[in-house]
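Number of protein chains: 2
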Amino acid sequence: MSGYLKRDWETFPTEQLKRVDQPTTKINAEQIKRPSERQAGFCKAAAGDYGERLQKEFRRFVPKHPLSGAIAWMRDNMRPFRDGNMAGSRAPLLDNTEAITRHIKETAYFLRSDAVGVCELPAYAVYSHQFSFKDMDAGEKPMELDHTHAIAILIDQDDRTNQAFSGSDWISNSMSMMSYATSGFVAITLAEYIRRLGYSAKAHYAPYYDLMVPPILLMAGLGEMSRMGDTVLHPFMGPRFKAAVVTTDLPMTPDKPIDFGLQDFCSQCKKCARECPSKAISDGDKIMHNGYEKWPLDVQKCTTMRVGNQHGSGCGTCVKVCPWSKPYTPFHRAVNWTMRNIKFARRFGIWGDDLLGFGKPDNKNKWWFDLEDKNGDGNLTIPKSNNTKVK
Amino acid sequence: MSGYLKRDWETFPTEQLKRVDQPTTKINAEQIKRPSERQAGFCKAAAGDYGERLQKEFRRFVPKHPLSGAIAWMRDNMRPFRDGNMAGSRAPLLDNTEAITRHIKETAYFLRSDAVGVCELPAYAVYSHQFSFKDMDAGEKPMELDHTHAIAILIDQDDRTNQAFSGSDWISNSMSMMSYATSGFVAITLAEYIRRLGYSAKAHYAPYYDLMVPPILLMAGLGEMSRMGDTVLHPFMGPRFKAAVVTTDLPMTPDKPIDFGLQDFCSQCKKCARECPSKAISDGDKIMHNGYEKWPLDVQKCTTMRVGNQHGSGCGTCVKVCPWSKPYTPFHRAVNWTMRNIKFARRFGIWGDDLLGFGKPDNKNKWWFDLEDKNGDGNLTIPKSNNTKVK
Numbered sequence: 001m002s003g004y005l006k007r008d009w010e011t012f013p014t015e016q017l018k019r020v021d022q023p024t025t026k027i028n029a030e031q032i033k034r035p036s037e038r039q040a041g042f043c044k045a046a047a048g049d050y051g052e053r054l055q056k057e058f059r060r061f062v063p064k065h066p067l068s069g070a071i072a073w074m075r076d077n078m079r080p081f082r083d084g085n086m087a088g089s090r091a092p093l094l095d096n097t098e099a100i101t102r103h104i105k106e107t108a109y110f111l112r113s114d115a116v117g118v119c120e121l122p123a124y125a126v127y128s129h130q131f132s133f134k135d136m137d138a139g140e141k142p143m144e145l146d147h148t149h150a151i152a153i154l155i156d157q158d159d160r161t162n163q164a165f166s167g168s169d170w171i172s173n174s175m176s177m178m179s180y181a182t183s184g185f186v187a188i189t190l191a192e193y194i195r196r197l198g199y200s201a202k203a204h205y206a207p208y209y210d211l212m213v214p215p216i217l218l219m220a221g222l223g224e225m226s227r228m229g230d231t232v233l234h235p236f237m238g239p240r241f242k243a244a245v246v247t248t249d250l251p252m253t254p255d256k257p258i259d260f261g262l263q264d265f266c267s268q269c270k271k272c273a274r275e276c277p278s279k280a281i282s283d284g285d286k287i288m289h290n291g292y293e294k295w296p297l298d299v300q301k302c303t304t305m306r307v308g309n310q311h312g313s314g315c316g317t318c319v320k321v322c323p324w325s326k327p328y329t330p331f332h333r334a335v336n337w338t339m340r341n342i343k344f345a346r347r348f349g350i351w352g353d354d355l356l357g358f359g360k361p362d363n364k365n366k367w368w369f370d371l372e373d374k375n376g377d378g379n380l381t382i383p384k385s386n387n388t389k390v391k
Numbered sequence: 001m002s003g004y005l006k007r008d009w010e011t012f013p014t015e016q017l018k019r020v021d022q023p024t025t026k027i028n029a030e031q032i033k034r035p036s037e038r039q040a041g042f043c044k045a046a047a048g049d050y051g052e053r054l055q056k057e058f059r060r061f062v063p064k065h066p067l068s069g070a071i072a073w074m075r076d077n078m079r080p081f082r083d084g085n086m087a088g089s090r091a092p093l094l095d096n097t098e099a100i101t102r103h104i105k106e107t108a109y110f111l112r113s114d115a116v117g118v119c120e121l122p123a124y125a126v127y128s129h130q131f132s133f134k135d136m137d138a139g140e141k142p143m144e145l146d147h148t149h150a151i152a153i154l155i156d157q158d159d160r161t162n163q164a165f166s167g168s169d170w171i172s173n174s175m176s177m178m179s180y181a182t183s184g185f186v187a188i189t190l191a192e193y194i195r196r197l198g199y200s201a202k203a204h205y206a207p208y209y210d211l212m213v214p215p216i217l218l219m220a221g222l223g224e225m226s227r228m229g230d231t232v233l234h235p236f237m238g239p240r241f242k243a244a245v246v247t248t249d250l251p252m253t254p255d256k257p258i259d260f261g262l263q264d265f266c267s268q269c270k271k272c273a274r275e276c277p278s279k280a281i282s283d284g285d286k287i288m289h290n291g292y293e294k295w296p297l298d299v300q301k302c303t304t305m306r307v308g309n310q311h312g313s314g315c316g317t318c319v320k321v322c323p324w325s326k327p328y329t330p331f332h333r334a335v336n337w338t339m340r341n342i343k344f345a346r347r348f349g350i351w352g353d354d355l356l357g358f359g360k361p362d363n364k365n366k367w368w369f370d371l372e373d374k375n376g377d378g379n380l381t382i383p384k385s386n387n388t389k390v391k
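Protein sequence lines, in the order shown, are assigned to chains A and B.
Taking the numbering used here, the leading residue of the first sequence gets 1, the next gets one more, and so forth.
Taking the numbering used here, the leading residue of the second sequence gets 1, the next gets one more, and so forth.
Just chain A, with the same shape it has in the complex (with noise of 0.2 angstroms):
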């Protein structure tokens, strides 16, 4: 729950979606060769794998700026609290598998979650390996993670945020940064709850994965994939979140996939594709890809854009700019509904979003200084592409 405002148990109206027993894109688990985490588009800008110019950007491009700099070393700070010693003991739990599930997604939600979903745990999505870039010398190991169940934590990118941004300039990489480590907050804290009742958990966040997230977002029910290559979209807040999750061997009743047309709905609308400022999504169909059925994504120009940006600190166009990345008002209720249930008044939502101007920055609002620590010495200035008017 985020807050004080009013909510009943969850925060968005999931019991209006449609559930299903499989995602609605493919999943053939006997396929998947797990990655290890060498292999995420980060990892391998980091290691030099994308050049030496990315490799030196890699190191600066979250600090240059000095709010997603601060926002970044707060999250940072929190990761030695992953994992810990659990009780002893079990704790005496109603003999309630559903009651336990709704009990834990409660606590989320306590925690303030924006979204809250359960799912067991794949094997397929533990990485072969851990690596991490904070800590390259350590070279790559073998990732083991016997946990049978998963919760999905989704913490919103903040709707005004993305109102106002042009989707690729300074405040890009604090967004970000903001939703990690809120999530990581919120995962690492339920974690330790579910191991003082006597149940071993972990908490898992950016860039502090054992797993790959998007498919225990989508055995979760929080969300379908979408045109964006690996990246799920939530049917209330599109693909304007970040997701933590904790996985455990505490005992729950999995949430099951949705399905809100949003096959059909980026298949026909490809304005991600279109506004991507380094061409990395594609217009193209759908393919197979290590067992996962999925648009494919180009990660390294993907990469190079959110690393490399000189007139920005990192990219988020692909949320800003998608018909579902909206905020929660009446109008855009009544349309989401409209998107999620009737079939052909979606290429009418796709033709009015252009039309109405959605996904152009919304400048009035803009709260935040553009400031760049060029030489990473602390030392800021107002750099080149600026746009400091604030109001």
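Treat the hints with caution; some may be incorrect.
Note that identical chains are pooled: a pair holds if it fits in a single copy or bridges any two copies.
[What the hints assert, rightly or not] With a straight-line cut-off of 30 angstroms between C-alpha atoms, the simulated BS3-like cross-links for lysine-lysine are:
1) K301 / K286
2) K256 / K364
3) K44 / K134
4) K384 / K26
5) K18 / K364
6) K256 / K301
7) K134 / K256
8) K26 / K256
9) K364 / K56
10) K343 / K141
11) K286 / K134
12) K44 / K279
13) K374 / K134
14) K364 / K384
15) K343 / K374
16) K343 / K301
These are computed hints drawn from the structure, not numbers from a lab.
Since chain A is already given, all that's left is putting chain B on it; use the hints.
Relative to the frame of chain A, chain B by itself:
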């Protein structure tokens, strides 16, 4: 700001509030003798001033419930990050203190604060000596804090839980800890951001304060002094929040104190005094104490109830029953407006609050488990005073 829900730049319509030059309760700065932190109720309990039984209970009253224990663990993990080094040079900020103030408040909302206010740091609000019940052997040391300004950050204790709980059952401490830890997380991150701008800044959150919070909340326009002794009441959350503070030498434009009629309201209502299980809250008139005008509170009785409660973990009965502690629904917003603005309606509001049954536990929304670590060894049992029915 608390997540994705639509917001203007602030969460609440503070522009509706009447601003005044001085707080609605007198503060005679020259009469105030700065107290040592050692004089706080919890420190007295920890140090044994309230007897051996309470001293022993103090060690377990938070961790005796696994959720409040887990959140307090996280809160304590963050303690080392309250302060840090600042950038070697000052950022090229706008020569416009108002815009900077607005920006800092926007940043705090972006980090998911529920309410934010700014004031000059009153020297009398700083403790004369620091004393930590986490580190009692260190004794009392003179407190020094030469910052000029304070940013106060409020985090709601969760309205849904507030409606469900009895006021003094097993979730009470968890509500406090959630707001303590969350406000600390925001304050620590904001302070680091300000240090990266080249200004000194330090985060203060429970129980790691260099200062007393109530006068700062009054000066920052976040509430008025209420009948509940040293508790400041926010016009839209009531007393259902905890506060963290960032002190800094960044020049800012202070907010002005507010007057929403609370002195008149609390003079008539007295519901908290009537319902307080320890009879710590006075139903009499305000007094002057150490330069502050306030309703008197029997701190020993209040602390004894919270620390020594054998039928739950902590106590927040006054928070639970206060007529200002309501969900932010259209109905309650209308009543809230009326109570703030129409003096003669207040007695009907107070009468109606009891008549409509507000302040009673709404058991159907109970989501937590009643559990107790009886012996401090991590083994949980179901306490005798329990009501563990979760739908």
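Results for each hint:
Proximity of K301 to K286 under the C-alpha cut-off of 30 angstroms is restricted to the intra-copy arrangement: shortest distance 18 angstroms within a copy versus 67 angstroms between copies. When the C-alpha separation of K256 and K364 is checked against a cutoff of 30 angstroms, the pair qualifies only between copies, where the shortest distance is 25 angstroms, while the shortest distance within a copy is 41 angstroms. Only within a single protomer do K44 and K134 lie at most 30 angstroms apart by alpha-carbon distance; the minimum there is 13 angstroms, versus 44 angstroms between protomers. With identical chains, the CA atoms of K384 and K26 are never at most 30 angstroms apart, being 46 angstroms at best within one copy and 50 angstroms at best between copies.
Proximity of K18 to K364 under the C-alpha cut-off of 30 angstroms is restricted to the inter-copy arrangement: shortest distance 27 angstroms between copies versus 38 angstroms within a copy. Proximity of K256 and K301 under a CA criterion of 30 angstroms is satisfied in neither setting, with 34 angstroms inside one chain copy and 50 angstroms between copies. Taking the closest pair of Cα atoms, K134 and K256 never come within 30 angstroms of each other, the shortest separation being 35 angstroms inside a single copy and 45 angstroms across copies. Only within a single protomer do K26 and K256 lie at most 30 angstroms apart by alpha-carbon distance; the minimum there is 15 angstroms, versus 58 angstroms between protomers.
Neither within a single protomer nor between protomers do K364 and K56 lie at most 30 angstroms apart by alpha-carbon distance, with minima of 34 angstroms and 56 angstroms respectively. Taking the closest pair of Cα atoms, K343 and K141 never come within 30 angstroms of each other, the shortest separation being 47 angstroms inside a single copy and 69 angstroms across copies. For the homomeric pair K286 and K134, neither the shortest alpha-carbon distance inside one copy (34 angstroms) nor that between copies (57 angstroms) is at most 30 angstroms. Taking the closest pair of Cα atoms, K44 and K279 come within 30 angstroms of each other only inside a single copy of the chain (19 angstroms); across copies the shortest separation is 63 angstroms, beyond that limit.
With identical chains, the CA atoms of K374 and K134 are at most 30 angstroms apart within one copy only, with a shortest distance of 21 angstroms there and 41 angstroms across copies. Taking identical chains as interchangeable, the C-alpha atoms of K364 and K384 lie at most 30 angstroms apart only when both belong to the same chain, with a minimum of 20 angstroms there against 58 angstroms between chains. Neither within a single protomer nor between protomers do K343 and K374 lie at most 30 angstroms apart by alpha-carbon distance, with minima of 49 angstroms and 57 angstroms respectively. In the homo-oligomer, the alpha carbons of K343 and K301 never lie at most 30 angstroms apart, since the shortest distance is 33 angstroms inside one protomer and 64 angstroms across protomers.
In summary, the structure is inconsistent with hints 4, 6, 7, 9, 10, 11, 15, 16 from the numbered list given earlier, while agreeing with the others.
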